[in-house]
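**Student:** Line by line, the protein sequences are chains A and B.
Here the first sequence stands for residues 1 to 113, where the numbers follow our numbering.
Here the second sequence stands for residues 1 to 111, where the numbers follow our numbering.
A few of these clues could be false.
Unchecked claim - Quick look at which bits of chain A chain B covers, simulated, 3 or more residues with Cβ under 8 Å:
| no. | region |
| --- | --- |
| 1 | 36-49 |
| 2 | 92-100 |
| 3 | 104-113 |
What the hints assert, rightly or not - Ranges of calculated distance between the beta carbons of each label pair, as one might list FRET restraints:
| no. | chain 1 | residue 1 | chain 2 | residue 2 | range |
| --- | --- | --- | --- | --- | --- |
| 4 | B | D17 | A | A81 | 43 to 53 Å |
| 5 | B | D2 | A | P39 | 20 to 30 Å |
| 6 | A | N28 | B | R31 | 15 to 25 Å |
| 7 | A | A81 | B | E15 | 25 to 35 Å |
| 8 | A | I112 | B | E69 | 24 to 34 Å |
| 9 | A | Q41 | B | G82 | 23 to 33 Å |
| 10 | B | E69 | A | D59 | 24 to 34 Å |
| 11 | A | D54 | B | A78 | 43 to 53 Å |
| 12 | B | A111 | A | E69 | 46 to 56 Å |
| 13 | B | P8 | A | N26 | 33 to 43 Å |
| 14 | B | E69 | A | E69 | 42 to 52 Å |
| 15 | B | A78 | A | V52 | 29 to 39 Å |
No wet-lab data here; the hints were simulated from the structure.
A virtual CB, placed ideally from N, CA and C, is assigned to each residue, including glycine.
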Amino acid sequence: DGGITQSPKYLFRKEGQNVTLSCEQNLNHDAMYWYRQDPGQGLRLIYYSQIVNDFQKGDIAEGYSVSREKKESFPLTVTSAQKNPTAFYLCASSIWAGVQPQHFGDGTRLSIL
Amino acid sequence: EDKVVQSPLSLVVHEGDTVTLNCSYEVTNFRSLLWYKQEKKAPTFLFMLTSSGIEKKSGRLSSILDKKELFSILNITATQTGDSAVYLCAVLNSGNTPLVFGKGTRLSVIA
Numbered sequence: 001d002g003g004i005t006q007s008p009k010y011l012f013r014k015e016g017q018n019v020t021l022s023c024e025q026n027l028n029h030d031a032m033y034w035y036r037q038d039p040g041q042g043l044r045l046i047y048y049s050q051i052v053n054d055f056q057k058g059d060i061a062e063g064y065s066v067s068r069e070k071k072e073s074f075p076l077t078v079t080s081a082q083k084n085p086t087a088f089y090l091c092a093s094s095i096w097a098g099v100q101p102q103h104f105g106d107g108t109r110l111s112i113l
Numbered sequence: 001e002d003k004v005v006q007s008p009l010s011l012v013v014h015e016g017d018t019v020t021l022n023c024s025y026e027v028t029n030f031r032s033l034l035w036y037k038q039e040k041k042a043p044t045f046l047f048m049l050t051s052s053g054i055e056k057k058s059g060r061l062s063s064i065l066d067k068k069e070l071f072s073i074l075n076i077t078a079t080q081t082g083d084s085a086v087y088l089c090a091v092l093n094s095g096n097t098p099l100v101f102g103k104g105t106r107l108s109v110i111a
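Next comes chain A alone, as it looks inside the complex (with noise of 0.2 Å):
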């Protein structure tokens, strides 16, 4: 079955560590997304990218970085800039940016040890 693979569930990160949470989509969709999910915050927006080796800033994107080397791939990785990581991220895609609607992974949900 097509869909969005996340990989881990869960993440410890010790301070001061930097941690890479995967995304993985096998849709064939253009653009992918990540968002960090708070307690009654809703969804906020990290970065997201229409095209491979091109990606855009969200609206809270300082402490994190990312690449898209691969179509189907689009790793987030918390650097230890970030210093209130503990949230659940979620990753998405759509078949391109301007096209609804977007498909979900399961999640990852970072503490902070």
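Position chain B against the provided structure of chain A, taking the given hints into account.
**Tutor:** For chain B alone, kept in the frame of chain A given last:
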């Protein structure tokens, strides 16, 4: 800046009740409004609304858009415990920019 406001933020009802969830928006060059249901993990798509006054319906769920007053409602009739979830509203403008989401309404249906 595009903005989506959902109300109420949380709601507790009994099984069998009918609920109405609200979503108002301010967006430059509005194109569509979408509703998603999020249980524990991935949001799942419910409806996409583009035209005013045309009701979209799926089982006990229905939704309608008012482009003049800039809002949408999501109705759930004869609620069941399985309807307990966070319901997210999002808007899309006519450019190739991503969806803008509201904070969601957390619905709890108790037996």
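**Student:** Against this structure, judge whether each hint is valid.
**Tutor:** We went through each hint and held it up to the structure:
no.	hint	in the structure
1	36-49	holds (count 7)
2	92-100	holds (count 4)
3	104-113	holds (count 4)
4	D17(B) / A81(A): 43 to 53 Å	holds, 47 Å
5	D2(B) / P39(A): 20 to 30 Å	holds, 23 Å
6	N28(A) / R31(B): 15 to 25 Å	holds, 23 Å
7	A81(A) / E15(B): 25 to 35 Å	violated, 47 Å
8	I112(A) / E69(B): 24 to 34 Å	violated, 43 Å
9	Q41(A) / G82(B): 23 to 33 Å	holds, 25 Å
10	E69(B) / D59(A): 24 to 34 Å	holds, 26 Å
11	D54(A) / A78(B): 43 to 53 Å	holds, 47 Å
12	A111(B) / E69(A): 46 to 56 Å	holds, 50 Å
13	P8(B) / N26(A): 33 to 43 Å	holds, 38 Å
14	E69(B) / E69(A): 42 to 52 Å	holds, 45 Å
15	A78(B) / V52(A): 29 to 39 Å	violated, 47 Å
Of the hints listed earlier, those the structure fails to meet are numbers 7, 8, 15, in rising order.
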